[in-house]
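Q: Put the complex together from the two separate chains, hints included.
Residue numbers (our numbering), protein chains in the order written: chain A, 1 to 102; chain B, 103 to 454.
Keep in mind that the hints are not guaranteed to be accurate.
A few chain B residues facing chain A, derived, Cβ under 7 Å [said to hold, decoys possible]:
hint, residue
1, Phe266
2, Leu305
3, Thr326
4, Leu377
5, Asn379
6, Gly398
7, Gln408
8, Cys411
Think of the hints as simulated: they come from the structure by calculation, not from any bench. Beta carbons: idealized from backbone N, C-alpha and C, even for Gly.
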Amino acid sequence: MGLLNIFSKPTADLVRLPSGSFTVDRDGRILMGTLPSSFPREMIKELAELILETFREAAEAQLPLSEVIANYPSLRITARELRGGAIVFLAPRERTATPNLN
Amino acid sequence: METRHKILLLDDDPELLSTYQQILTGLPSKPEVRVAASGSRAMALLEAEDFRLLICDLKMPKMDGLQVLSIVRRKYPQLRTVALTGIGDEQFRSRAYALGVDQFWQKPSSEQEIKMFMECLEALLGRESDAGFRGVQSKSLVDIIQLECISQSSSVLRITNGPFAGKIWIQDGEIIDAEAAELSAEPAFQKILSWKNGSFESLVADPSRPRKIFKSYNALLLETAQALDESQNAVTADGQPAAPNTPLAQLSQVEGVEFVLAMKPGDNGQVARGLENPEHMATWARQSLGRFRALGESWHAGPLEQIECLGPQRNVALASQAETEFCVGWKPTMSSGEIRQTMKKVLALWAS
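One chain only, chain B, in its complex shape (with noise of 0.2 Å):
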């Protein structure tokens, strides 16, 4: 039997409501629209039901929009939402999908917009849940380059893990090259394959690209699941785990990296490479991440990316990935940009 996909509608305008509400209901896969005109309203809604999309407005007494959708992001991740606003202001779109909104849209002024919005809903209605690779919905990048070389196709596969971005050239099947960050060939296509999740886009064929991979596909694609395999299984010669390898170790390999303190949360969960007597350092990081982020939902800009702290002894870098947070030691003579750029580097090293 088919679902019948709820939506919330968000707006503290009741006339707006009921007429959103008409003419959601029309949406082909005919959902089931509740309404809300207040946010304490919407997020009691959202405790007591389950529903796959909440179109937001941004306009709102007490609990504004921005306010509702950081929450919402956090609290329901699967949550498909659209802000729509009459406010004609780039910053607010800009700060819309940096919390993460699916889309933003102004207010439909003509019946063609309407149109257009009512078929972007039910776009957004219709998608599955986000496993895999967002683009072909709950399939592997494996899966997504199996089928581009069955169906014998052309093309340039773009993956994105984070700063990380990455290439795969198909040519009638095969593949023919790859690249990502200074790899290419072989190792830039291993590379790739390691990244747990991320985006990809097709591009269109590249047939000058010079081949530099010789391999069958099949044959690709099993030494590489192989490599994987034995990097994550890799043990000493009396069966402890590599140590050289371990994910501080690579970090601290990282060009300008000095340092590196993981802290996982609770009190004692620190790690650091190259830095002793971290407790200072970590009770330092912890408490001044904690505080940029929460100014930074307490002013709606967004998640905290990270911080750069320069000083006339030693530069550091102050960010999360999941529920480590890093502080991060750089070489004196490195500008602000180029820590941000590395930073972003290292993050994604740890998340793959």
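Chain A on its own, in the form it takes in the complex (with noise of 0.2 Å):
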């Protein structure tokens, strides 16, 4: 079984996709949050900006919005709009996957 031992090895880790929340201000300043503290800072401001900005151009676009949702295979993403700002909530989504073998 020497052989089969190499089959493992330690290397960088993948980031997972984490479960938790956190708010965000108008001026897009994180506030607080129960996201993992081993998920990287900046993917949480690129997503808090990403989602200030839907609110901000749907409301000129004529379309005000309390809450967007983005599903994506393994992550739903929930937004609710809070006084300029928003709280975010992300969900991973695992779903029984099955090989495609045809």
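A: Spelled out as structure tokens, the structure:
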């Protein structure tokens, strides 16, 4: 079984999609959150800016929004408007996946 | 002459690459195995050579396996892909499948697992391209039904087209019933045959199913083909395409839809139904879809499925179908879950 031992190796970690929430104010400052500290801060900021832009530009297009839900195969992002800022929830979606053998 | 397929093996561990290269060369189809120790090297090889299968480790420095797979699935859709990892984490399995990999394997830890792994790779190498319905390669759905009927088989064919699913009951070589969404019998059969692609599986026969279709399978297939031809070529009396049946008109008839805005690539490639002055809405929708799509790619969360937006005045959903982007307005009384489900139907209707 010596051959099989090489099948495991320690290398850099992949970033897990986190479960949790955070709030961002109208100026893009992250106020508080429950996301794991291992999740990169830059990614949270990237999302926060995107959410604020989406709400802001929707209002400019005469479409005021209170909630935005973005669905990906492995993640759902729910953002609720909060006095110009937002509270954002992240929920990884784990679904039963079967190998495609066709 | 039989084709000798090429496999590209990507892992940052040189020892592992060498070991796997030896193992894979021993596959019955004797594939040519090339190796790459980094994502960028793999991309260069894929650009230069024609590969059948990519086996990709997930944990790698710089460009990780999810990044590689996400690029590869877009750039080389015909390439078979296998994610191979030592990470025992269901989330990465989900994410790899969300990116469209054919198989996800945890690195084999026993001789039996290696054997199974090899058998699956051999099966992947042996398959032809994906034309037609997956399940029987290079066969149309009509071919599949004819095969079942000619061989006097009894089975239930379950056909899936995006969020839509349909069933066709075959008993002793005759089509006895069909079902698709709220349709049944012949209308359901016609609906299923109008789907241009999808996947199917053959389920165990259901002899207790009451017969609702009494035509022979040949007559049924012929009539369905004629009906589909007629619906595609519908024209007005003066030879113009029949307007009321435009795809956009059909979408706007879906229950709950208040307006439909379809946007093709290009600045002026938008058409709307039920919406006046759609320019601002179109600009916002395009930008939002683009940004969320980019986020999904950079986070490796898989391709963006859709966005539901709820507001005090109106609800909208944003999604893409092939090259067309959609912004669909929904009644304010609909919940996000209802919008999500109905939006899938709208997209499937557009696709079919």
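Q: Run every hint past the structure and note whether it holds.
A: Evaluated hints:
1. Phe266: Hint on phenylalanine 266(B): violated, closest Cβ of chain A at ~18 Å, above 7 Å.
2. Leu305: Since chain A brings no Cβ nearer than about 16 Å to leucine 305(B), farther than 7 Å, the hint is violated.
3. Thr326: 25 Å, violated
4. Leu377: Violated: closest Cβ of chain A sits about 11 Å from leucine 377(B), beyond 7 Å.
5. Asn379: 9 Å, violated
6. Gly398: Result: holds, 5 Å to nearest chain A Cβ.
7. Gln408: 6 Å, holds
8. Cys411: Interface hint status for cysteine 411(B): holds (5 Å vs cutoff 7 Å).
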